[in-house]
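There are 2 protein chains.
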Amino acid sequence: MSDSDDTDHDDTDSDRTARETPTDPTANPADEQAFTVTPYAVEGTIDYEKLLERFGAEPLTADRVERFPDHPAIRRGFFYAGRDVDRYLEAAESGDPHAIVTGRGPSGPMHLGHVLPLYLAKHLQRETGATVYVPLSDDEKFLAKEGSFEAIGEHTRDNLRDILAVGFDPERTRIVVDTADADLIYPLAVRLAEYLTPATVEAVYGQQGTVGLQFYPAVQAAHLLLPQLVAGRQPTLVPVAIDQDPHVRVCRDVAAKESLPVEKPGALLGRFLPSLEGPGKMSSSGDAPSIGLADDPETVAETIRDHAYTGGRATLEEHREKGGDPSVDVLFQYLRYCFEPDDDLERIAERYRAGDLLSGELKAIAIERITDFLAAHQRRRGKLDELATELEPYRLTDAERRRALERAGVPSILG
Amino acid sequence: MSDSDDTDHDDTDSDRTARETPTDPTANPADEQAFTVTPYAVEGTIDYEKLLERFGAEPLTADRVERFPDHPAIRRGFFYAGRDVDRYLEAAESGDPHAIVTGRGPSGPMHLGHVLPLYLAKHLQRETGATVYVPLSDDEKFLAKEGSFEAIGEHTRDNLRDILAVGFDPERTRIVVDTADADLIYPLAVRLAEYLTPATVEAVYGQQGTVGLQFYPAVQAAHLLLPQLVAGRQPTLVPVAIDQDPHVRVCRDVAAKESLPVEKPGALLGRFLPSLEGPGKMSSSGDAPSIGLADDPETVAETIRDHAYTGGRATLEEHREKGGDPSVDVLFQYLRYCFEPDDDLERIAERYRAGDLLSGELKAIAIERITDFLAAHQRRRGKLDELATELEPYRLTDAERRRALERAGVPSILG
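Protein sequence lines correspond, in order, to chains A and B.
Each step along the first sequence adds one to the number in full-length UniProt numbering, with nothing skipped, and position 12 is 12.
Each step along the second sequence adds one to the number in full-length UniProt numbering, with nothing skipped, and position 223 is 223.
Incorrect hints may have been included.
[To be verified] The list that follows gives simulated cross-link-like pairs (lysine-lysine, BS3-like), each with its CA atoms no further than 27 Å apart:
{"#": "1", "chain 1": "B", "residue 1": "LYS145", "chain 2": "A", "residue 2": "LYS257"}
{"#": "2", "chain 1": "A", "residue 1": "LYS122", "chain 2": "A", "residue 2": "LYS322"}
{"#": "3", "chain 1": "B", "residue 1": "LYS322", "chain 2": "B", "residue 2": "LYS122"}
{"#": "4", "chain 1": "A", "residue 1": "LYS145", "chain 2": "B", "residue 2": "LYS257"}
{"#": "5", "chain 1": "B", "residue 1": "LYS383", "chain 2": "B", "residue 2": "LYS322"}
{"#": "6", "chain 1": "A", "residue 1": "LYS322", "chain 2": "A", "residue 2": "LYS363"}
Keep in mind that the hints were calculated from the coordinates and are not lab data.
Predicted model only: the values in this text are computed from it and were never measured.
The task is simple: from the sequences and hints, build the whole structure.
What follows is the structure in structure tokens.
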């Protein structure tokens, strides 16, 4: 029995997970037909409320939103659900230890969509002192055949510079790379693998092509429990797009085992930041255009002008007459959730709906906000020294590693 | 394609393995009924010649035996088969690099049967300069639920002292503990896991209870390829009881992948050293009595007197008249394969068969040989200083770790 303040009842988190996977015979077929959301497939028009119900997560009520440090992604409903959010908020409010885990799979250069959760984490860290853990799963990217270890190593080093450029507080931030921190991650994963059967992994993740991918959920569980293993039992929030919720639930089931001195990690569940070309997930792989963190202002402007899906009308006359639709305009979503912090947003929406603001003008606003954001990011990144030196203050110390292994019941063989 | 001097033809090693597992529908039922030999079950009366045929290994011909450094376990047929033995012998004869891997699963104190392969490896090292790798799979023992990590850690430290007491040459010996050397072992295992499908693992090892055990064959493949990854392509011999051959074959298939700069590890396949109480495997788990490495002479004598299965007759008169049967006498097997190096053996056998030598007298000879052996082992063990200090010269250096990771195509992220 877990002694965590649990909101779940008879069935475990991943029991519920199993019912949501397309292969599960108990899934409601009518429901499934409407849309599919798993960590590996997002299809159909997503009904976020129905998804919440299907996943059994808590809505992010107005009261909860109010208790978070102010941030557009929370205030304006990009993150709209969660698990054990109250526990996190209580700790944040009372100054007790609390943590955020927000990882990165280094399969390529990072784009805008990848870095925004890191900036949110930095904001929460600054406001309430949250410890932030950033695990990089180079092992998983190799196993998922997204490149050789050499190529993934290149991406990892590049991504690390972007993560460092975010400007986390080194005292309260730990960055972990699975292969470079294998001395810690592997023994922890073996310890947690005790609780992960092949059947559970297959139910949540589907059939895996290699035994490495089958094992990886144990590594991911180690990531999500790391703050508690290093620094003791504490609420941990994992901000992810809602399609990644099954990963969190697998770890929650592992965390509930009585012999682990941890509580279940919570989740902050988000909508999908739409691809530039329209609804769906923003992706750095494939052909979907995206805004890279290294893009210069001209490239950003060109990418947005050429590819951004707008809520504008077919002709200028029609737009002036009927007005645009901000709810489907991709750039408006960007402004809404990330880049337009003050009351300008409502004015922009109104003028767009009224036909006073044209799509091109909305694009120009977004281009300005995004290039400003990127310029600041690139400036910080440009100032970074040699990677290993910069990373050092963010790596787990030997004492922290030892403590984590001891808490997990995997004390070092040689002391 | 592997460029190793391969004796295998169309099918891969583990294709053949699959046919030998009890769950495989293509196994010959008549053959299966006679006896079963898998890494997890040895049943029935073993026909070693038939087993050889079934496994598709090479017999250890008189010519091969002649080319090995003289040792009773080889000369007298305890090791009676192998894979790619000629390649190993060629390198040993011509002074080219060659290696032996002989591991230990630290699930309890070591007994006599566990340490004998290590003494064989030491002998081969002394005679031809073989590099010896000794991996300790504490991860696997935890995953196989043979104890908590704390308990397995205790056994690991205890077993390490016994391994150190063998007296390997530190210049040519590397001892590896999976959790303590995870910085190296985990990235290598991930690299090799690329080639291990769940189906392969299940065919060879059966269904596994956790994803950790499913992943473990990748760790074991890392063990067997370690000498080549550290020091370059070279023949590697893995001396194991024949029931462990499937482990070697899985690794041979992995090694055959063209992107790995290694050749398939070879095997030296042995009979089972019988349990004191009779045919079957000697085991430190369960209730079977065994001779522990820490036993004092009185305990050894008592254990042998009370439990050793003899080839003697029911009564003294009958024994004098009909003679004993050395071929089923457990202590005679011990003397034959390990402890009676010179021509005394044949005389002992003759006198036993003739009824001149009584079971009790044979026991007395064995007790003397075994206690002498243990006394020398215990003396060396007793001289050891603090474990970490003693182990240090046997651990992989940072340069060796880096080289192994580079050869495997897993260069360190941070240089």
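For this session: Mind listing which of the numbered hints don't hold for this structure, in increasing order?
Result: 2, 3 and 5
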